[in-house]
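Below are the chains, spelled out letter by letter.
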Amino acid sequence: MTSMIDMVFQLIAFFTVLINFSQDEQNDRVRLPESELARPAESPLESPITLHLISDNSIELGGVPTTIDGIGVLLNVELQLLKTKGKTAADANIIIRADRNMSGGRVQDLIKKCQEMGFEKFALRVKELGA
Amino acid sequence: MKIRSSQPGDKGAELNMTSMIDVVFLLLIFFVLTFKIVAQEGDFNIRMPLADNAAGPPPDPTDLPFKLRLRADNNGQLADIILNDNLPFGTDWEKLRAKMVELVGGAAPKVSGAGEGPEIEIDLDYNLRYEHVIEAITATTGQKRGNDVVRLIERIKFAPPRRN
Numbered sequence: 012m013t014s015m016i017d018m019v020f021q022l023i024a025f026f027t028v029l030i031n032f033s034q035d036e037q038n039d040r041v042r043l044p045e046s047e048l049a050r051p052a053e054s055p056l057e058s059p060i061t062l063h064l065i066s067d068n069s070i071e072l073g074g075v076p077t078t079i080d081g082i083g084v085l086l087n088v089e090l091q092l093l094k095t096k097g098k099t100a101a102d103a104n105i106i107i108r109a110d111r112n113m114s115g116g117r118v119q120d121l122i123k124k125c126q127e128m129g130f131e132k133f134a135l136r137v138k139e140l141g142a
Numbered sequence: 006m007k008i009r010s011s012q013p014g015d016k017g018a019e020l021n022m023t024s025m026i027d028v029v030f031l032l033l034i035f036f037v038l039t040f041k042i043v044a045q046e047g048d049f050n051i052r053m054p055l056a057d058n059a060a061g062p063p064p065d066p067t068d069l070p071f072k073l074r075l076r077a078d079n080n081g082q083l084a085d086i087i088l089n090d091n092l093p094f095g096t097d098w099e100k101l102r103a104k105m106v107e108l109v110g111g112a113a114p115k116v117s118g119a120g121e122g123p124e125i126e127i128d129l130d131y132n133l134r135y136e137h138v139i140e141a142i143t144a145t146t147g148q149k150r151g152n153d154v155v156r157l158i159e160r161i162k163f164a165p166p167r168r169n
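Each protein sequence line maps, in turn, to chains A and B.
According to this note's numbering, the first sequence is numbered sequentially starting from 12.
According to this note's numbering, the second sequence is numbered sequentially starting from 6.
It is worth saying that the hints were derived from the structure and are not from the lab.
The beta carbon of each residue, even a glycine, is placed where N, CA and C say it ideally should be.
One thing to keep in mind: the hints can contain errors.
[As the list claims (entries may be wrong)] Heads up, incomplete: computed chain B residues facing chain A, CB under 10 Å, no partners named:
hint : residue
1    : M22
2    : V29
3    : R52
4    : H137
5    : T146
Produce the entire structure from the sequences given, and follow the hints as far as they go.
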């Protein structure tokens, strides 16, 4: 009995450590491009804002669907949140999770829109090759 | 009055394990069902403030970024890779990488994110698929040798979008 309980607790510990409740970082509708140079970040990015570019040309921020023209409203809310923390747009990191079949120009449009709002740091998220 | 005294051979009060095991198995089932295997993901970091239109001092010609032109066909597939307007590579990323190694190999800074070193400007057709953009970034920013990654160009920026 003791060894079984030991093993079950080991399993629970394993799953507890690996579980990820964060839905913000995931989106099943986005198929990321792959790169052999993809490595998980050594430290978490400062003030991350994750944008999902889905292949049907819609964008999601925090689970709210929008368009490139409408992203300004949502980013303004994020800017207000940053201000309450004493930070500016230049401190935030925009994580772009774009679908591999999206046109590159759309990604550029999105980056330009973010730049116009003062954001400077971008991270293009990719999947590890062969994963 | 009857007084219970411990008899020789008594093991003392035993804990009832059944309920604990029930709860533990429930927890285990919960974690197993919510567990999702997610592929490892990584980032390409780009620092790209909005271009300042004010006329500044003329840039040092040696600091000019590499220019990578990516042309697309009508389906958004890669048609042509051209470096610095005069070096065509067809659609072969390995040739481009070999050229980048030749041009900047060893010149790139060892510390990532130092904001120093050569820069590349990627100029792409509007309809070029994003996966080809990532292939371009992969080919120019590093080379995988075994388990190590040799960094080539740390700084990436995009040219203004080309509208069709």
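Going down the list of hints, with the structure as the test:
The closest approach between the C-beta of M22 (chain B) and any C-beta of chain A is roughly 7 Å, which is under the 10 Å cut-off, so the hint is satisfied. Here the hint on V29 (chain B) is kept, as its CB sits about 5 Å from the closest CB of chain A, short of 10 Å. Hint status for R52 (chain B) relative to chain A: holds, with the closest Cβ pair at about 6 Å, below 10 Å. Checking H137 (chain B) against chain A by beta carbon gives a least distance of about 7 Å; that is within 10 Å, so the hint holds.
About 7 Å separates the beta-carbon of T146 (chain B) from the nearest beta-carbon of chain A, less than 10 Å, and the hint is met.
No hint from the list above goes unmet by this structure.
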